[in-house]
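Given these sequences and hints, build the entire structure.
Numbering (the numbering used here), first residue to last: 28 to 379.
By construction, these hints were calculated from the structure, which means they are not laboratory data. Please read all numbers here as calculations on a predicted model, not as lab measurements. Among the hints, a few may not be true.
What the hints assert, rightly or not - Derived Cβ-Cβ restraints for the label pairs, each shown as a range:
| no. | residue 1 | residue 2 | range |
| --- | --- | --- | --- |
| 1 | Pro349 | Ser210 | 43 to 53 Å |
| 2 | Arg338 | Val311 | 17 to 27 Å |
| 3 | Ser141 | Gln255 | 36 to 46 Å |
| 4 | Ala139 | Ala85 | 23 to 33 Å |
| 5 | Ser210 | Ala139 | 35 to 45 Å |
| 6 | Asp350 | Ala270 | 24 to 34 Å |
| 7 | Pro93 | Gly331 | 14 to 24 Å |
| 8 | Ile54 | Asn102 | 21 to 31 Å |
| 9 | Pro129 | Thr300 | 40 to 50 Å |
Said to hold, decoys possible - Under the rule of at most 20 Å between Cα atoms (straight-line distance), these lysine to any residue pairs were calculated in the SDA-like manner:
| no. | residue 1 | residue 2 |
| --- | --- | --- |
| 10 | Lys76 | Gly120 |
| 11 | Lys76 | Gln56 |
| 12 | Lys185 | Asp207 |
| 13 | Lys307 | Val363 |
| 14 | Lys307 | Pro349 |
| 15 | Lys307 | Gln322 |
| 16 | Lys76 | Asp49 |
| 17 | Lys307 | Asp287 |
| 18 | Lys76 | Val121 |
| 19 | Lys76 | Ala95 |
| 20 | Lys307 | Asp324 |
| 21 | Lys76 | Pro93 |
| 22 | Lys307 | His348 |
| 23 | Lys185 | Glu198 |
| 24 | Lys307 | Val344 |
| 25 | Lys76 | Asn102 |
| 26 | Lys76 | Val361 |
| 27 | Lys185 | Val204 |
| 28 | Lys76 | Asp340 |
| 29 | Lys76 | Val223 |
| 30 | Lys307 | Arg286 |
| 31 | Lys76 | Val97 |
| 32 | Lys185 | Val223 |
| 33 | Lys185 | Ala234 |
| 34 | Lys307 | Phe271 |
Cβ coordinates follow ideal geometry from the N, Cα and C atoms, glycine included.
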Amino acid sequence: MQVVPIDGNLSNTGVGIWSGSDGVGGIVQTHQAPAEFISDRAGINGDGKIVYYTHGDAYRLWIYDPVAGVSAPVNTLPLTPSSFNGQTIDDDGVVGYRAGLPGGSGLASTGAGSSVLHIVDNGIDPGSPYSYIYTPSMNASRRIAAKVSVGPPGNFTKDEIRVFDTTGAYEMLAVDVDTDPSSPFVAFDNSVSLNVIGEVAVVVRLAAGNQRAVYRLTPTGTGVQATQIARVDPSGPILELDAFSPVINDQGLVAFRARDAQGQAIYVGDGETLLRVAGKGDRVQTDLGTGQLGQHDTSPVFSGAPGINARGDIVFVAGLHPDGNNQVEWGSGVFVARVASGDLIFADDFEQ
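This is the structure we're talking about:
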């Protein structure tokens with residue numbers, strides 16, 4: 028998702044999307060005014076369809092179809108959202124998102140000939156228990172996970188992680204200490220990631236030690252198994268967790284942004300093993316020659332949240348400079364760290 032020249036004319040720019048693999052690709056769709064802005068994240072499914080939104084005079088949800096080679100607007104009727112957030116797309120072409128609606132917001136999905144409101148907040152429906160709904164994540168079963176604040180309008184002290192089906196029925200995976208004083212969690216970050224079996228990855232703040240940590244929440248049928256993937260520890264390796272959502276694949280691998288002794292980095296873990304995938308100063312091969320991940324100043328090395336597929340390959344955006352010279356900017360690059368072994372559950376190494 029980027030600002031691009033229209034028809035190669037640098038004096039006429041718009042917003043567009045890039046798509047490709049293995050270092051080969053290009054701008055596949057552009058939008059001109061009044062669509063002056065584009066979402067900073069996109070959802071992509073196994074067929075290569077990409078969901079995103081543009082806005083300027085109005086918000087519009089789009090799906091790019093690589094077979095047709097063009098983007099088409101998504102018909103969300105009977106819903107008429109004024110904004111979109113957290114859009115994802117499954118392999119059936121169903122799109123999940125948070126919809127801005129008159130008076131508040133709701134979790135919605137569109138596809139298979141229908142648009143469905145899973146839940147709304149009590150700014151829309153006074154009978155709703157939800158005072159605020161945060162950035163969601165949808166899986167292939169059309170279930171949507173989100174952090175929600177539970178309480179009367181304007182009350183944001185009691186937060187929960189819930190997974191909703193299309194009827195609004197939910198599975199509660201975690202609550203904070205304001206909801207249940209015995210909870211191990213003081214707070215949750217605002218974005219989550221949901222996989223096909225209903226596991227959720229989320230960054231939490233722990234009651235014990237008041238440290239931030241990455242957790243995987245697994246429904247067991249009789250309860251929830253909370254697995255710590257990583258936590259902030261002054262002795263390392265994780266010194267800080269960045270304010271971006273972790274991502275989880277269908278095998279339960281969780282990737283996330285962090286800071287270690289070398290600087291900002293991408294890590295992946297399964298609850299038993301933790302691996303540094305890439306980070307500041309790492310050397311990478313590019314079309315400009317050997318480069319290093321980094322910036323010429325204190326700007327963040329990475330942009331946005333990473334992504335992970337079913338194999339465990341991890342994609343990320345990072346700043347880039349020539350090898351050994353961080354005062355020459357090469358801009359940013361999109362990188363894929365591929366699993367280097369045949370172990371799809373957890374690899375011993377990654378190739379960049």
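Here is how each hint holds up against the structure:
1. Pro349 - Ser210: 43 to 53 Å: Between Pro349 and Ser210, where Cβ atoms are some 49 Å apart, the hint holds.
2. Arg338 - Val311: 17 to 27 Å: Once the Cβ atoms are compared, 20 Å apart, the range 17 to 27 Å for Val311 and Arg338 holds.
3. Ser141 - Gln255: 36 to 46 Å: Once the Cβ atoms are compared, 39 Å apart, the range 36 to 46 Å for Gln255 and Ser141 holds.
4. Ala139 - Ala85: 23 to 33 Å: holds, 25 Å
5. Ser210 - Ala139: 35 to 45 Å: Because 37 Å falls inside the window, the suggested range holds.
6. Asp350 - Ala270: 24 to 34 Å: holds, 30 Å
7. Pro93 - Gly331: 14 to 24 Å: Once the Cβ atoms are compared, 22 Å apart, the range 14 to 24 Å for Gly331 and Pro93 holds.
8. Ile54 - Asn102: 21 to 31 Å: Once the Cβ atoms are compared, 25 Å apart, the range 21 to 31 Å for Asn102 and Ile54 holds.
9. Pro129 - Thr300: 40 to 50 Å: holds, 48 Å
10. Lys76 - Gly120: holds, 8 Å
11. Lys76 - Gln56: holds, 12 Å
12. Lys185 - Asp207: It holds: about 9 Å lies between the C-alpha atoms, which stays within 20 Å.
13. Lys307 - Val363: holds, 15 Å
14. Lys307 - Pro349: holds, 13 Å
15. Lys307 - Gln322: This hinted pair holds, its Cα atoms lying about 9 Å apart.
16. Lys76 - Asp49: holds, 17 Å
17. Lys307 - Asp287: With a Cα-Cα distance of about 10 Å, the restraint between Lys307 and Asp287 holds, given a limit of 20 Å.
18. Lys76 - Val121: Given that 20 Å is the threshold and the Cα spacing comes to 11 Å, the pair holds.
19. Lys76 - Ala95: holds, 10 Å
20. Lys307 - Asp324: holds, 12 Å
21. Lys76 - Pro93: holds, 6 Å
22. Lys307 - His348: holds, 11 Å
23. Lys185 - Glu198: holds, 17 Å
24. Lys307 - Val344: holds, 12 Å
25. Lys76 - Asn102: holds, 16 Å
26. Lys76 - Val361: Holds: Lys76 and Val361 sit about 18 Å apart, inside 20 Å.
27. Lys185 - Val204: Holds, because 8 Å separates the two Cα atoms, which is no more than 20 Å.
28. Lys76 - Asp340: holds, 19 Å
29. Lys76 - Val223: Within the cut-off at roughly 18 Å; holds.
30. Lys307 - Arg286: holds, 9 Å
31. Lys76 - Val97: Within the cut-off at roughly 10 Å; holds.
32. Lys185 - Val223: Roughly 27 Å separates the two Cα atoms, so the pair is violated.
33. Lys185 - Ala234: holds, 15 Å
34. Lys307 - Phe271: With Cα atoms ~17 Å apart, Lys307 and Phe271 stay inside 20 Å; holds.
When each numbered hint is compared with the structure, a violation occurs for hint 32 only.
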